[in-house]
Amino acid sequence: DARVTQTPRHKVTEMGQEVTMRCQPILGHNTVFWYRQTMMQGLELLAYFRNRAPLDDSGMPKDRFSAEMPDATLATLKIQPSEPRDSAVYFCASGLIGTSGTEAFFGQGTRLTVV
Amino acid sequence: DAKTTQPNSMESNEEEPVHLPCNHSTISGTDYIHWYRQLPSQGPEYVIHGLTSNVNNRMASLAIAEDRKSSTLILHRATLRDAAVYYCILRDRNTGNQFYFGTGTSLTVIP
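As they're listed, the protein sequences go chains U and Z.
Counting along the first sequence from 1, when you hit position 64 you're at 64 in our numbering, and nothing is skipped either side.
So our numbering is basically just the index in the second sequence, starting at one, shifted up by 115.
Next up, chain U with everything else stripped away, as it sits in the complex:
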């Protein structure tokens, strides 16, 4: 049963520390998304990649967030330095996205707490 895998599931870190979240998309999917969910803002799109190339990262705070896909099996989202306001659940999703409007598959999320 193919699924998107995110690690770690939970992360508690101190303000100022670097945080790296990892995502293994479903094999064969051409698009990877990063979302952030908070009670106040709901689900926000941070960035997405198509065929490993970043297409849009306008939702990310550029000074501290970075997203990469070093290979087809790994996507990473880094925060450096982390701040308490970054506390949220971060979701990765992948899909075989084309003009027919196919679905995105979401991972279980990484719950980040910055103290």
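Because the hints were derived from the structure by calculation, they are not lab data.
Since this is a predicted model, take the numbers as computed values, not measurements.
Where is the CB? At the ideal position from N, CA and C, for every residue including glycine.
Honestly, I wouldn't trust all of these hints.
[As the list claims (entries may be wrong)] Computed Cβ-Cβ distance ranges for the label pairs, DEER-style: (1) Z:Leu166 / U:Thr73: 45 to 53 Å; (2) U:Pro84 / Z:Ser168: 46 to 54 Å; (3) U:Arg3 / Z:Gly217: 19 to 27 Å; (4) Z:Leu166 / U:Arg50: 15 to 23 Å; (5) U:Asn30 / Z:Gly217: 36 to 44 Å; (6) Z:Gly217 / U:Pro8: 24 to 32 Å; (7) Z:Glu181 / U:Leu74: 39 to 47 Å; (8) U:Val115 / Z:Pro226: 33 to 41 Å.
[Stated by the list, open to error] Chain U regions said to be covered by chain Z (calculated; three or more residues, Cβ under 8 Å): (9) 45–59; (10) 76–82.
With chain U's structure known, arrange chain Z on it following the hints.
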């Protein structure tokens, strides 16, 4: 991206049908209508999508108004496991790789 409007919350009795409405009055001709749901402590999951015609799958049915300015997600028999937040999303078939989520409808199923 065109916006969608959904009620904040709805209730349904178990084993009864549920009709979840979504308004998208500024929809364009190339926008697909997607529905996702998010169960507690889970990531969102795909439910159904359509363009112009009504659609059925094992999870639900999607009824699209003739003018496409609104749609309704139909759960034929609500179960307790259907308690979730349901999101109605528009995605441009030509340019939109993104899925932008609104606030969704929180569905409570009453035993």
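Original post:
Out of the numbered hints, which ones does the structure contradict?
Top reply: Failing hints, ascending: 1, 5 and 10.
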